[in-house]
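As a plain string of letters, each chain reads:
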Amino acid sequence: MDWLFFGEISLAGLAMGGLYALIALGFVIIYKATRVINFAIGEIMMFAAYLFLAFAGGMELSPWIALPLAVIGGSILGGVIEKTMIRPMLGESPISVVMVTIGIGSILVGLVEFIWTADPQLLPSFLPREPVFIGPLYLAPKIAYGFLIGSALLIIYLLYFRFSRGGVALRATASDQAAAYSMGINVRRVFNMAWVFGSLAASLAGVLVAATGGLSPQFGIIGLSVLVVVIVGGLDSILGALVAGVFIGWLETVAGAYLGGEYRMPATFLVLAVILVIRPYGLFGTHEIERV
Amino acid sequence: MSILEISNLSLSFGGVKALQDVSFRVPENTITTIIGPNGAGKTSLFNCISGFYKPQQGNIRYQGQPLPGSIKPPRRAALGLARTFQNIALFRGMTVLDNIKLGAHVHMKSGLLSALAYFGPARREETAVRQEVEERIIDFLEIDHIRRQPVASLPYGLQKRVELARALAMKPQVLMLDEPVAGMNREEKEDMARFILDIREEWGITVLMVEHDMGMVMDISDHIAVLNFGQVITEGVPADVQNNPEVIKAYLGNSDIDSLRRKLNPEGEVA
Amino acid sequence: MRIGDAKQSYEADEAIWTSSTQKLWLGFFLLILMVFPFAVDSYLLYLGCLVGIAVISTTGLNILTGFTGLISLGQAGFMGVGAYTVAWLSINTGLPFPITLVLAGLMAAAVGILVGLPSLRVKGLYLAIATLAASVFLHFIFAEWEPVTGGMGGLSLEPAHLFGLTFQSDFMMYFIIVPLAVLMVLAARNVFRTRIGRAFIAIRDRDISAEILGINLLRYKLMSFALSSFYAGVAGGLFAYFYRVVTPESFPLSMSIFYLAAVIVGGMGNLLGGILGAAFMTLVPEALKLLTAALTPFYPNAPVFMSPMLEIIFGGLIVGFLIFEPHGLAEIWHRIRRFFRLWPFRN
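Protein chains in written order, with UniProt numbering: chain R, 1 to 292; chain W, 1 to 271; chain F, 1 to 347.
Among the clues, some could well be false.
List of simulated lysine to any residue pairs, SDA-like, C-alpha gap at most 20 Å [unchecked claim]:
| hint | chain 1 | residue 1 | chain 2 | residue 2 |
| --- | --- | --- | --- | --- |
| 1 | R | K32 | R | V80 |
| 2 | F | K123 | R | L270 |
| 3 | R | K83 | R | I72 |
| 4 | W | K17 | W | G69 |
| 5 | W | K249 | W | G39 |
| 6 | R | K83 | F | P326 |
| 7 | W | K171 | F | N216 |
| 8 | F | K7 | W | E132 |
| 9 | F | K123 | R | R35 |
| 10 | W | K54 | R | H287 |
| 11 | W | K249 | W | E235 |
| 12 | W | K109 | F | L217 |
| 13 | F | K123 | R | E92 |
| 14 | F | K7 | W | H145 |
| 15 | R | K83 | F | G316 |
| 16 | F | K123 | R | V80 |
Bear in mind the hints are in silico, worked out from the structure with no lab data behind them.
Chain R extracted, bound-state conformation (with noise of 0.2 Å):
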């Protein structure tokens, strides 16, 4: 077995795992404060993707501005998205909002489509080229400046969501919302904020995840990697967001790397069943009692 080898894709595959756990952060906020499932990650990634293309390509801003102003229309799109499709579903059943969820990606693609064309496209390059090395060990700059960002944003997130009063507001409406709202919290304002924080997360992982595999509109299919990642870790997990976004990261990458592109998707797959089958609410998720 070649060590190098398997170093370097281990490292290639821990980055994009990085990258992940962003986005599954931006879902497990989503998740946690408004119990909503939410299919449309990966459509809102590739939207904020071709935003960042349309002001960095086509407008030609310095991709240092373009980057911002795509980040906030993702956020944008999150808040108008829960404000327009998902409020009204309030109280609907779970299968109801997942499915909303699902037709807004489909819509999103649309759009995408509609105004971009169905063509792949290569995004502007602005990340720093000069190679990595880590020890003896090659990393394609791109993701590690990509992994690099997306962390920065991560550890952002998590001490905001410690200390900060919005913070605190919205981990006691996850907590319990009655509660939450009967202490004064704007539930309401909480859910939207969720949306437009979780959004940004995604938005953010989506621009650096274009950037070093390009983009088309078939880019929302990362939205399933991110599923199966919090499914993993468990929907309303931080701790295993990030855990399972950097475990599953390396497996997709290395089970491309050894096996063949075809064997990423089965191999993440398997271990969300066996996770299914053996401990159904994720690695670190909470089991919530049954009641009559």
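Following the hints, position chains W and F against chain R.
Chains W and F only, in chain R's frame:
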């Protein structure tokens, strides 16, 4: 003789002890009532008997046979343990008639193939059940006028009655009623009390009931067990339970015993 | 206007069609289905076949998702199992279509039971994701198990045959597909007149109470999976005979979502809704194609926008129906019927 015997039952969720060493018995063909303050563990006890919760200790004997945790809820239903729920648990997507027929599920046999064709056994069985439900239960509970309605559209009192009908369709030996008259007005309560008495007397079914309405409890119960903080304080006939100082203390703390005695006394507020 | 429908026996009261008006309409509808292939051109005939296949599969998914409350993202996978079974059997054994279709259904049902097994422990959306995993694995098997499935190239098969008769044209296929669709919808209707259908609905509405009332959850959830995937398998088998080529890409994840959308748009937990939804969702893209063709002379770019429009309309229908008409087309249909029942005497 006792149809149901609970001995030393203990159940806890994490650190919360829902039931501690609970023992009591349900004599056959009686109306036995469990009373106690909110959170005393009454519904948890029902859930243990139904098999939905698994007690950590103790055992339940039904008709002289042990009911271990390996006997799952559906099997218990088939053995004749039927119940209603504290927060009405009707199936909202079905009509009154279908809800009641669902109760007969455990006594029906037809399989998938015959159901797909609706020919032969399935057809005969469905028609027979329909007839039995109509003639024995719907007439008895006086709900024939609503049989075609979806349950969600019914007023609360009627929903409770449909739930009772569904439990009767299960052909129970022991009928467990979780707060059968909670939230009802006086007339509805009187109807329900009459049905419960008839069920015991005419159908020969043992009734095990959880209820807060002391007037009705003292009026129709043959046997009462008092539960507080997951423990049985006392059990016996209504007159004894009513005057038991422990019971009074459980309900009111240590203060005004006389006013509580009045409260526990059915006179003046007959159900 | 219709007044009252007196019944003499419980058996008569349990019938599906309880009035002579209803029977008349039913007869009329069946007659139209019979005459249809003789009266229309090949394009409409082709659409008729597509709708028929979609009705079977949607009805199956409706049993599982609409009536039992188990959301499944594996419907296309189960159809694939049926299609590959038919393709493999007709290539390797040459059996006539009634046998291959039944075997396709049974094979899909077996896979369905396997996929449903986690429902012992996982519920709701977790189960949906288990079915998603199943569809990923099935796609993988279709693509990689070359000796049996022909790999990415798939399998090509001969037309369906029975007693020396060959069902090559759409016209001939219509007479397999549509009667089968009618039969299978009727069979589903029958199930919901019996204890099995009631058990499904009870599990959907309140699974824990259902269990305490005597319903063995695992048994009935698996039965629902089996029945639903049997329908999917037969629909997939018909798909194979209809297109006579089966590849891994014939049954993508988007197809599973298509069938979920058909169930939702039609009306979850309503068989008529499933039929309406299947027809509607199959015909919308076709209508859009016609519209595009009509617009092309004026806007040469129209075809470019068709595919994105389709995505937007598809998503918009799902979202719109869930928000504004959660009981789907079936509810609209009932509203129309209520209107005419008392017509012309309205209150």
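Each hint, compared with the structure:
| no. | hint | in the structure |
| --- | --- | --- |
| 1 | R:K32 to R:V80 | 19 Å, holds |
| 2 | F:K123 to R:L270 | 18 Å, holds |
| 3 | R:K83 to R:I72 | 16 Å, holds |
| 4 | W:K17 to W:G69 | 19 Å, holds |
| 5 | W:K249 to W:G39 | 16 Å, holds |
| 6 | R:K83 to F:P326 | 19 Å, holds |
| 7 | W:K171 to F:N216 | 18 Å, holds |
| 8 | F:K7 to W:E132 | 17 Å, holds |
| 9 | F:K123 to R:R35 | 15 Å, holds |
| 10 | W:K54 to R:H287 | 17 Å, holds |
| 11 | W:K249 to W:E235 | 15 Å, holds |
| 12 | W:K109 to F:L217 | 16 Å, holds |
| 13 | F:K123 to R:E92 | 17 Å, holds |
| 14 | F:K7 to W:H145 | 15 Å, holds |
| 15 | R:K83 to F:G316 | 16 Å, holds |
| 16 | F:K123 to R:V80 | 30 Å, violated |
Of the numbered hints listed earlier, the single one contradicted by the structure is hint 16.
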